[in-house]
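Colleague: What follows is the residue order along each chain.
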Amino acid sequence: MDSYRQILKNGLWVNNQAFVALLGLCPLLAVSNTLINGLGLGIATTLTLILSNTLISLVRQQVGGEIRLPVFVLIIASIVTIIELIMNAYFYELYLILGIFIPLIVTNCAIIGRAEAYASKNPVGASAMDGLSMGLGFTAALVLLGALREMIGSGTLFANAHLMFGEAASGMTLTLIDDYEGFLLAILPPGAFIGLGLLIALKNVIDKRLAKPSQQTVTVDFATKKA
Amino acid sequence: MLWVLIALLPGCITMIWQFGYGVLFNIIICLSTAVVAEAWMLKLRGRNIKPFISDLSAVVTALLLALALPTIAPWWLPFVGTLIAIVIAKHLYGGLGYNPFNPAMVAFAVLMVSFPKNMTVWVLPSSLLANDIGLAETAQLVFSSLSSSPIIDSITAATPLDEMKTRLNLSQTTDEIRHAAIFSNIAGEGWQWVSLAYLAGGCLLIGKKVISWHIPVSLLAGLFIASSIAYLVEPSISPSPLFHLLSGGAMLGAFFIATDPVTAATTLKGRIIYGLLIGLMSYIIRTWGGYPEGIAFAVLLINMTVPMIDQYTRPRVYGHK
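Heads up: the protein sequence lines correspond to chains A and B, in order.
Counting in the numbering used here, the first sequence runs from 1 upward without gaps.
Counting in the numbering used here, the second sequence runs from 1 upward without gaps.
In case anyone wonders, no lab produced these hints; they're calculated from the structure.
Every value quoted in this text rests on a predicted model; they were computed, and no experiment measured them.
Just so it is clear, CB atoms sit at the ideal spot from N, CA and C, and this is done for glycine as well.
There may be inaccurate statements among the hints.
Have a look at the derived ranges for each label pair, beta carbon to beta carbon [unchecked claim]:
no., chain 1, residue 1, chain 2, residue 2, range
1, A, Gly-99, B, Pro-307, 55 to 63 Å
2, A, Leu-202, B, Pro-51, 26 to 34 Å
3, B, Leu-5, A, Tyr-92, 37 to 45 Å
4, A, Lys-9, B, Ser-32, 43 to 51 Å
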């Protein structure tokens with residue numbers, strides 16, 4: 001069993017679901033047009049991941065091989081329904097903006113991927129930790145991409161912060177450039193693809209820089225990615 | 001590539017003569033940005049800078065973009081456009097020879113989608129201006145905030161293609177529209193001369209065997225056939241074929257943009273199909289699309305089909321069935 005630190009590192013960096021595994025791209029690309037939208041969906045996905053990993057790990061001994069996928073999907077769907085209802089009750093405006101992408105968390109391949117690859121084979125504690133770290137990694141990707149697109153696309157940061165943090169946060173919006181005309185492409189879908197590509201490239205560059213001092217790390221990295 | 005630049009000269013000169021110094025600023029900004037960006041990307045990618053800069057491909061891309069941009073543009077528009085063309089559309093795909101899309105047209109499309117307001121403001125041709133805009137005045141317009149300038153409304157207008165589309169949507173007939181000053185009865189004041197200059201430059205390229213006749217001729221034929229059919233069926237709501245050929249970017253696109261050796265089809269039959277499709281697609285976008293000019297989007301869309309066109313038009317190898 002991996003140590004918790006190792007799991008955390010895996011989720012945030014080495015096996016980041018968005019940047020390395022390239023899972024869950026549909027919501028990632030669709031709602032990352034502002035930082036707050038990204039953060040909202042990221043938190044919802046993280047909660048789903050923690051709960052689903054925990055529950056699936058709990059029932060992993062009872063659920064046989066043939067029916068495991070339908071069982072996983074049912075568990076994930078129930079959790080997402082709960083989260084959707086909570087968001088509907090407490091974050092109504094954000095719920096409206098994220099719209100179809102909240103129920104669609106069910107189909108996020110990152111979640112079923114972690115259930116199948118990790119939670120169905122590991123004890124509860126490690127699985128919950130894996131859910132948390134994978135969720136945080138995914139949230140980090142959403143927030144980074146959201147911030148990038150928001151800055152380039154409309155020249156602000158934290159726009160609509162009141163949707164998540166209440167009225168007190170409405171002053172959080174930073175206007176980076178006054179009179180910015182807006183680079184519309186960054187907010188449109190092509191901007192999401194280009195932005196994600198650039199972020200993945202950046203991650204690869206950093207990995208390469210880190211790997212340079214010792215050649216050993218390269219092979220280790222490669223092995224974990226394959227797994 | 002040098003011959004392409006030489007062949008573009010008559011077009012450049014006519015553009016400056018007809019539309020003022022704004023074009024000159026576009027050209028200067030695009031060219032300098034392109035050379036710096038190309039050198040920077042080559043350095044980052046660890047390539048030899050000198051042979052790749054001196055093949056002039058970046059300069060041609062920049063010049064084509066500069067000629068496609070509005071005749072008066074705030075300085076950042078050509079700057080951002082050129083960066084997109086060189087960095088994203090060319091080097092991120094692997095540099096010269098590997099890019100599936102025409103870099104200049106990718107940049108044009110990105111700018112068109114991102115900054116529709118700036119991309120549709122064109123200076124009136126000088127013959128329609130009350131008094132000429134001098135070099136210093138143009139520089140001031142380009143480098144200060146263009147949109148807040150008080151005189152901007154008096155010196156700019158929609159392009160003939162744009163105007164034609166807007167007015168047709170208001171259910172006016174082509175006969176009524178044609179008599180407006182900016183059309184000068186055929187294809188638009190200033191525009192027809194620019195188009196003829198590109199045509200002359202293009203003929204020089206064909207004469208010098210830099211490009212083959214297949215793509216330009218079939219592109220213009222595609223546009224001509226589509227517009228002729230519409231014109232014969234419904235002359236009151238369809239602009240004449242001559243209008244389609246001589247306005248907007250049809251000539252520039254046919255001779256200089258669609259013929260880009262990297263992104264065009266390579267087989268002879270394929271080139272004809274490629275040209276016809278671009279012509280047809282431009283007509284479709286001009287007539288029914290949301291944007292007034294369709295050449296750029298048509299070139300990009302048909303660029304995507306090039307691998308398939310080449311696949312199915314590959315000549316039979318001697319001795320094979």
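Colleague: Give a verdict on every hint.
Modeller: Results of checking the hints against the structure:
no., hint, verdict
1, A/Gly-99 x B/Pro-307: 55 to 63 Å, "37 Å, violated"
2, A/Leu-202 x B/Pro-51: 26 to 34 Å, "29 Å, holds"
3, B/Leu-5 x A/Tyr-92: 37 to 45 Å, "60 Å, violated"
4, A/Lys-9 x B/Ser-32: 43 to 51 Å, "45 Å, holds"
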